[in-house]
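S.K.: What follows is each chain in one-letter form.
Protein chains: 8
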Amino acid sequence: MNIESLRHLLEQVRTGSTGIDEALASLRHLPFEDLGFAKVDHHRQLRCGFPEVIYGAGKSSEQVAVIFEKRAAGGGNVLVTRSSPEQYTAVRERFAAAQYHELARCITLQQQAAATSATHIAVVAAGTSDLPVAEEARITAEMMHQRVQTYFDVGVAGVHRLLAHVAQLQQASVVVAVAGMEGALASVVGGLVAVPVIAVPTSVGYGAHFQGLAPLLTMLNSCASNVAVVNIDNGFGAGYLAALINRQKTE
Amino acid sequence: MNIESLRHLLEQVRTGSTGIDEALASLRHLPFEDLGFAKVDHHRQLRCGFPEVIYGAGKSSEQVAVIFEKRAAGGGNVLVTRSSPEQYTAVRERFAAAQYHELARCITLQQQAAATSATHIAVVAAGTSDLPVAEEARITAEMMHQRVQTYFDVGVAGVHRLLAHVAQLQQASVVVAVAGMEGALASVVGGLVAVPVIAVPTSVGYGAHFQGLAPLLTMLNSCASNVAVVNIDNGFGAGYLAALINRQKTE
Amino acid sequence: MNIESLRHLLEQVRTGSTGIDEALASLRHLPFEDLGFAKVDHHRQLRCGFPEVIYGAGKSSEQVAVIFEKRAAGGGNVLVTRSSPEQYTAVRERFAAAQYHELARCITLQQQAAATSATHIAVVAAGTSDLPVAEEARITAEMMHQRVQTYFDVGVAGVHRLLAHVAQLQQASVVVAVAGMEGALASVVGGLVAVPVIAVPTSVGYGAHFQGLAPLLTMLNSCASNVAVVNIDNGFGAGYLAALINRQKTE
Amino acid sequence: MNIESLRHLLEQVRTGSTGIDEALASLRHLPFEDLGFAKVDHHRQLRCGFPEVIYGAGKSSEQVAVIFEKRAAGGGNVLVTRSSPEQYTAVRERFAAAQYHELARCITLQQQAAATSATHIAVVAAGTSDLPVAEEARITAEMMHQRVQTYFDVGVAGVHRLLAHVAQLQQASVVVAVAGMEGALASVVGGLVAVPVIAVPTSVGYGAHFQGLAPLLTMLNSCASNVAVVNIDNGFGAGYLAALINRQKTE
Amino acid sequence: MNIESLRHLLEQVRTGSTGIDEALASLRHLPFEDLGFAKVDHHRQLRCGFPEVIYGAGKSSEQVAVIFEKRAAGGGNVLVTRSSPEQYTAVRERFAAAQYHELARCITLQQQAAATSATHIAVVAAGTSDLPVAEEARITAEMMHQRVQTYFDVGVAGVHRLLAHVAQLQQASVVVAVAGMEGALASVVGGLVAVPVIAVPTSVGYGAHFQGLAPLLTMLNSCASNVAVVNIDNGFGAGYLAALINRQKTE
Amino acid sequence: MNIESLRHLLEQVRTGSTGIDEALASLRHLPFEDLGFAKVDHHRQLRCGFPEVIYGAGKSSEQVAVIFEKRAAGGGNVLVTRSSPEQYTAVRERFAAAQYHELARCITLQQQAAATSATHIAVVAAGTSDLPVAEEARITAEMMHQRVQTYFDVGVAGVHRLLAHVAQLQQASVVVAVAGMEGALASVVGGLVAVPVIAVPTSVGYGAHFQGLAPLLTMLNSCASNVAVVNIDNGFGAGYLAALINRQKTE
Amino acid sequence: MNIESLRHLLEQVRTGSTGIDEALASLRHLPFEDLGFAKVDHHRQLRCGFPEVIYGAGKSSEQVAVIFEKRAAGGGNVLVTRSSPEQYTAVRERFAAAQYHELARCITLQQQAAATSATHIAVVAAGTSDLPVAEEARITAEMMHQRVQTYFDVGVAGVHRLLAHVAQLQQASVVVAVAGMEGALASVVGGLVAVPVIAVPTSVGYGAHFQGLAPLLTMLNSCASNVAVVNIDNGFGAGYLAALINRQKTE
Amino acid sequence: MNIESLRHLLEQVRTGSTGIDEALASLRHLPFEDLGFAKVDHHRQLRCGFPEVIYGAGKSSEQVAVIFEKRAAGGGNVLVTRSSPEQYTAVRERFAAAQYHELARCITLQQQAAATSATHIAVVAAGTSDLPVAEEARITAEMMHQRVQTYFDVGVAGVHRLLAHVAQLQQASVVVAVAGMEGALASVVGGLVAVPVIAVPTSVGYGAHFQGLAPLLTMLNSCASNVAVVNIDNGFGAGYLAALINRQKTE
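Chains as they are written, first to last, in my numbering: chain A, 22 to 272; chain B, 22 to 272; chain C, 22 to 272; chain D, 22 to 272; chain E, 22 to 272; chain F, 22 to 272; chain G, 22 to 272; chain H, 22 to 272.
Do not rely on the hints blindly, as some may be mistaken.
Cut-off 30 Å, straight-line C-alpha distance, at most; resulting in silico cross-link-like pairs (DSSO-like, lysine-lysine) [said to hold, decoys possible]: (1) E:80 <-> C:80; (2) D:91 <-> D:80; (3) B:80 <-> C:91; (4) A:91 <-> A:80; (5) B:91 <-> B:80; (6) E:80 <-> H:80; (7) G:91 <-> F:80; (8) G:80 <-> G:91; (9) D:80 <-> A:80; (10) F:91 <-> F:80; (11) H:80 <-> B:80; (12) C:91 <-> C:80; (13) D:80 <-> F:91.
Treat the hints as calculated values from the structure; they're not laboratory data.
Work the whole structure out from these sequences, hints included.
M.R.: Following this line, the structure appears as structure tokens:
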């Protein structure tokens with residue numbers, strides 16, 4: 022029940038074509054449609070360029086393809102994260118324009134023009150093993166119509182590699198910092214820029230790394246004040262958040 | 022030394038008014054001043070309203086007062102977090118205008134006009150025990166010239182309390198969600214708004230709470246895509262990040 | 022806005038004393054009051070004998086007394102958990118009938134007749150150090166009008182002590198099993214009865230006990246199928262749940 | 022030996038048809054049969070509809086089939102949890118009426134009429150990945166002759182999905198809440214209903230999820246008072262407990 | 022009720038001096054007394070020299086004194102572990118012969134002659150900070166009538182100190198190895214002797230020691246096959262076990 | 022070099038048949054053979070029936086067979102733990118008398134008569150899934166010439182199963198208690214007997230079991246005083262220790 | 022750009038052979054080349070014999086071979102750690118002189134003469150399962166031109182094996198101690214020598230070993246003052262550090 | 022007994038002035054004195070300038086003073102770590118020259134001339150709260166006659182502060198890096214220098230810092246190859262190791 026049908030109901034009450042008890046029954050059964058937050062979903066799909074996102078892991082190729090078709094019908098961009106080449110094959114049979122990003126394990130379908138945001142997001146990654154997560158962040162943000170610049174292989178054990186890009190980093194409106202091992206990159210980057218840093222610990226490491234616990238704790242304890250953290254390997258979440266932040270500047 | 026003074030130096034070398042050895046000495050002693058990131062500090066203090074922040078815990082009242090005086094000399098706002106009433110007494114002797122926020126354990130000195138940002142930050146807290154952390158976030162953001170709206174005691178065990186504020190929450194440009202116990206607030210809020218949510222787990226709880234580990238893990242695993250997390254009880258960090266995000270919209 | 026005011030509004034629409042746009046505005050601003058779950062609160066306080074519960078820890082005596090007064094005004098029973106003798110003194114000044122339970126650290130005010138439930142709850146505790154938690158469970162359930170039988174000091178290292186009460190335990194409609202140390206009591210009790218067992222690990226222990234982690238894990242891994250677990254030292258929660266279960270049988 | 026055979030034995034002693042030494046021997050060898058808890062087993066199989074449960078994991082198809090046959094001979098319902106299609110094939114050769122529930126990985130044999138309990142259990146699941154655990158709970162409860170209503174895909178990141186079912190949830194006598202990720206569902210549901218909630222954390226998640234630790238801690242620290250927790254992925258235990266609770270109302 | 026009283030009851034039934042219903046009532050109320058394990062308690066107190074043990078921590082001086090008096094009445098040795106000087110003062114008022122062992126925080130009352138076991142127990146401790154735990158083990162074993170030899174300050178960072186006692190250690194029938202820090206002592210001792218080693222990790226350490234977790238894991242993973250472990254700081258348990266083992270040789 | 026050869030050397034020095042420098046050289050190269058603890062090895066192999074033990078995991082079939090042959094040459098019993106059927110095949114080609122114990126994953130070669138110890142060891146296991154570990158304990162002890170009685174499937178969720186064996190358990194000189202899930206068996210058994218209990222947690226369980234951490238903590242925190250613990254799944258260590266303890270009684 | 026080329030540039034500016042804008046451009050593009058730490062890289066490759074190290078895990082054979090070729094072009098030694106036989110095959114096609122070390126999983130190419138350092142490194146390993154890590158340490162150090170002596174299978178459960186080598190160990194300038202299980206080796210070795218000990222915990226163990234956590238904590242808590250620790254299984258890091266230390270003595 | 026006295030004994034045997042049995046007795050009682058490692062202690066005190074170290078924590082002032090006196094008698098430097106002002110007062114009564122270092126909580130007595138090592142150690146600390154640990158490292162190294170340079174407040178959130186000292190850091194022979202919070206300093210320093218870095222995590226932090234666990238894991242996972250780690254807050258150990266390394270260069 023939306024605002025229009027509610028108005029219609031009230032008009033029927035006024036004209037007497039609907040009795041009060043009948044109207045009361047209708048209203049009691051509108052648990053949430055009338056609430057403001059329903060706008061969120063609307064906003065999400067039609068106006069704002071939020072992509073339709075499908076989490077591919079644990080789904081069959083057939084399942085992914087079917088869901089993909091349904092989502093694509095809305096006309097927006099479609100993104101499948103943690104997907105396999107087999108899932109891509111199934112999707113491509115239906116959508117020849119769909120692309121597969123091998124490193125990031127993402128399938129994308131670009132149905133809307135790539136909006137060029139005024140400001141941009143910087144995605145920084147420590148080592149080459151962190152690239153799949155960094156790429157997932159980049160692709161997510163781009164599917165949300167935001168511009169992204171990437172700076173890869175700039176880990177802190179050779180801090181001059183990162184310093185070479187300081188001026189460029191300072192032009193971004195938000196930075197995504199992706200790092201496994203000890204995850205120190207987020208703190209160093211945080212100290213170099215004056216904008217929010219979304220830190221993503223990765224599971225790249227061994228031994229006392231405990232599958233990402235080490236960089237996760239590092240990033241949560243960052244001595245830089247402008248660092249917030251998402252889950253281990255959650256490149257999607259970081260890209261999503263960065264896009265939300267960058268978009269505000271643009272709107 | 023910036024690009025202009027570097028050009029000036031080179032011209033002096035060309036005209037001979039500065040000898041080569043003298044120029045070399047100048048250049049050798051610029052290990053980092055020439056780098057772009059030095060602007061960060063400049064930017065921080067003069068133009069952007071970043072407060073001068075002092076971490077009070079573990080410092081003597083005398084130490085806090087001395088540092089406070091030094092920082093206040095710059096003319097910006099000054100903020101002491103995790104401070105004691107004794108530290109406040111020492112500060113007030115020097116600065117009669119300094120204020121103490123008992124719940125948030127903060128000392129503030131407002132030396133700049135409270136800028137009214139066009140957009141605002143929403144700070145949401147689950148229970149009354151979470152207020153010290155939420156207040157620390159609010160005060161931090163306000164000292165950075167951002168407007169803040171607070172919504173307290175809206176924990177998810179009575180979700181209608183939160184839903185009563187949905188329309189208001191959706192008008193904020195960023196939400197800070199503060200919660201102890203199980204920390205579920207961040208996920209529910211995340212699903213209700215279309216902007217970034219900075220989640221702060223608190224140490225409020227007992228037993229299997231493990232001093233904040235429970236809500237920390239909850240927030241890191243949020244099923245909402247727009248949630249990033251800061252350290253347990255880190256109200257300052259959340260307020261700082263929210264201010265950075267909200268400011269972008271304003272600038 | 023409740024069902025009555027909604028009916029009133031509709032009637033005004035019918036008679037024309039309220040315009041449709043005006044009515045729409047009123048209805049748009051009822052984010053949740055009309056929803057069914059609002060009944061929960063109503064149900065809680067008036068019909069069902071749920072006590073008004075105040076968590077005493079971290080509150081001043083004055084704060085507890087003030088909240089107590091407000092809650093007592095509803096006419097139901099009032100319960101303060103994790104309270105101090107000082108808080109009790111402050112409450113007693115206002116309510117002479119209030120009682121303090123030293124072991125359980127609870128303040129109670131019984132304003133409703135102690136209903137005698139047909140069935141009863143068994144509260145079983147392993148050692149004398151677990152009594153505070155067990156007593157908190159008992160008092161909570163009794164404040165919710167349920168009968169309770171207690172069996173204390175029946176730890177499994179002398180299993181004959183527990184077996185002496187098997188026939189009695191089997192007459193309860195639900196069992197609360199409270200244990201620190203290794204927490205094995207829950208499994209043994211679970212195997213002896215055919216009703217739900219609510220297990221409460223306590224922080225009684227040292228070393229590899231890790232403040233209750235050991236019995237918590239024990240109870241979560243119980244080889245008995247009828248065991249569910251609440252937080253470490255959460256006697257209140259166990260008593261509350263047991264009361265809900267026992268009440269069903271009675272209703 | 023029950024009370025009747027004990028009376029019979031004593032009468033034989035009185036009449037002299039049994040000698041004292043012979044009677045002593047009989048009594049010495051009853052280490053536990055005379056104890057009340059032996060009734061539990063009896064009760065379990067004949068009167069109350071407890072299913073015969075076999076844990077399939079780690080057993081060969083042959084082993085499962087043999088045990089299945091033995092248990093089915095009792096005439097009650099038979100349930101195999103965590104079973105494979107291969108185990109099912111082996112069972113079906115002996116029992117054509119046995120069914121396999123692929124999602125829940127359960128084999129069932131319904132030998133007793135499906136009793137229709139007056140009240141019912143609600144099983145609520147956050148995401149589609151949590152369905153195997155939720156289905157295991159449903160099937161377990163149904164094999165114990167209890168009615169179950171399911172509400173799937175109602176995770177808190179879109180809390181309106183859950184709110185749409187509030188009125189229905191409030192009619193259940195007990196709720197099973199199944200959730201992976203951050204597991205916040207249990208707290209929100211707990212606040213919406215006035216009956217016990219059995220929470221089941223699942224291992225669905227990644228990174229700082231630590232194979233179910235995150236939702237486990239969430240649920241143990243729930244700010245709702247009516248939530249008890251079972252082991253990670255333990256759908257069987259939750260269904261079993263819910264059936265015990267619902268049955269009380271019916272009996 | 023033992024076998025004799027059971028025979029007596031049956032005879033009364035035969036002669037008619039006890040009615041069948043009366044006999045049935047008597048038998049129904051013997052839930053466990055007739056079972057063999059009741060002998061354990063008997064054995065414990067009268068024949069075997071097990072001390073009466075009172076855990077002092079968390080008890081008032083008055084409580085300890087009262088319990089002490091009750092236990093001492095049995096005529097056996099009495100031991101209070103984790104006791105305070107105040108508790109000792111209260112005990113000494115009643116029992117002038119009671120002794121306080123300051124380092125081990127134990128109160129003892131020796132009421133039985135100190136039996137001299139043929140074989141003996143070796144108690145080995147790594148550092149001087151481990152002595153309280155080691156002494157608790159020694160006193161416990163001695164109160165159980167076993168001879169003990171102690172070897173203190175023989176930590177492995179100066180392994181020659183331990184090697185100086187190899188020949189002596191090899192004459193013990195069981196070794197208690199007490200160590201904090203990294204707890205390596207247990208493994209080295211285990212490799213030097215051919216008898217059981219009971220290892221006790223202590224909470225002596227800091228940082229990554231995690232209050233005894235480090236030596237606990239060390240001892241559980243010992244590369245020596247003859248090492249078993251008790252809880253952190255559990256000197257009592259180690260002394261108790263060692264006494265049980267040494268006693269077997271003597272009996 | 023033993024005491025005899027040392028005497029011989031000294032005599033040669035006295036008679037001059039060995040020069041001082043030559044003697045010095047001999048003595049310098051005896052870094053440890055002269056030390057008392059060398060007796061351990063001697064004792065181990067020839068006199069006491071310690072088996073030669075080979076840890077099979079991670080070794081090739083060829084490696085196991087070669088080491089086996091070398092060890093068997095000493096004439097004692099040989100035991101391979103954690104071995105595969107392939108390793109057994111390789112061993113059997115060389116030793117037709119070698120046996121494979123499928124459940125326990127052990128290869129044994131009995132070269133010494135099975136000594137019949139006067140007293141015996143009880144091995145108790147909670148569930149059928151714990152049998153591999155229990156069997157490893159039994160076989161290890163038997164290879165060390167000790168008698169073993171086993172009591173399987175006596176978990177505490179049906180405590181009457183365990184109580185049926187109390188009288189028998191009380192005749193053992195030491196008990197090995199093997200349990201996964203919550204591991205409560207050790208505490209209950211500990212309370213029923215007056216001898217040492219060696220507890221073995223197993224990795225049987227799921228979820229909050231954390232691969233054996235749950236029963237490990239349970240056993241370390243046992244409220245029974247006579248329980249010591251070995252590593253998770255370490256049936257070998259438990260059998261070894263039990264054999265050492267039982268042997269003392271026999272010697 | 023070093024100080025000489027900087028002087029050269031300034032001279033060109035003075036003479037006018039380089040314009041100011043051109044000079045500025047050169048200087049602006051030296052964000053870090055002028056800093057002292059750039060020497061590190063230079064030092065690393067040409068003068069000091071640091072090997073070029075490639076981490077093989079997670080790279081394809083083709084990737085390893087290509088990177089190998091590029092690095093080998095510099096003329097220094099090349100080392101691939103955690104490499105597979107397949108990667109070796111790909112490398113050997115290009116470099117016939119490359120060697121594969123199966124146990125250590127390393128590929129090496131020795132292009133510089135094996136310098137004979139005056140002093141040497143001792144690498145000590147507890148068990149045969151620790152050899153891969155120990156060998157990785159040895160090979161790394163040798164590729165850095167340092168002499169290494171190895172002492173394998175000297176675990177502390179048979180401490181005489183280690184003591185046999187004390188005199189030799191005391192001649193090393195630094196010791197690498199590699200141990201899994203409980204990791205006690207590092208402490209014992211630390212007490213025997215007066216030089217730095219680099220301890221490497223390995224993942225060799227099971228159960229409460231937690232994949233290397235046990236020896237890691239052991240080594241961090243060592244009661245010997247001269248022990249520092251690297252990550253679990255990090256033989257490369259230990260060898261690298263030991264080479265740096267040993268080289269200092271030599272230079 | 023050293024090699025000379027052994028030769029002497031043998032000569033006495035040859036000449037008959039010592040009987041064989043007497044010689045045997047002498048030799049049997051040399052369990053370890055003859056072994057090389059006895060030299061360690063000798064070396065430690067007389068020749069090498071190792072300080073006599075006393076761990077003050079948990080000792081009474083009187084105990085510290087007595088031990089101090091005993092150690093000082095040897096003529097070397099004396100160091101008390103983790104000491105209190107009260108302990109210092111007690112020491113100063115006996116040794117007027119003893120000094121107290123308040124920040125580092127150390128008492129020192131310099132009895133040997135401060136040797137000036139050719140090379141030096143750099144001690145780097147991230148924040149002012151880390152100074153106590155850094156100072157403990159500095160004082161320890163200086164008491165071992167090594168020169169130390171300190172660089173404090175150079176945390177990575179303002180990396181330019183650290184870069185300002187790169188050239189100086191590169192002149193040290195070993196670096197001690199002390200950091201709490203996220204501990205990223207060690208990795209950045211490791212990448213800037215070509216010598217060993219001894220990393221010390223501190224307990225400075227809160228929340229997900231877990232008393233030093235966060236920087237400990239950071240440092241163990243450092244992406245720089247030249248970093249080894251000591252226990253949390255172990256400034257003494259780091260200073261000790263750094264002194265051992267720096268001394269090698271000097272000798």
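S.K.: Under the constraints set out in the numbered hints, which ones does this structure not fulfil?
M.R.: 3, 7, 13
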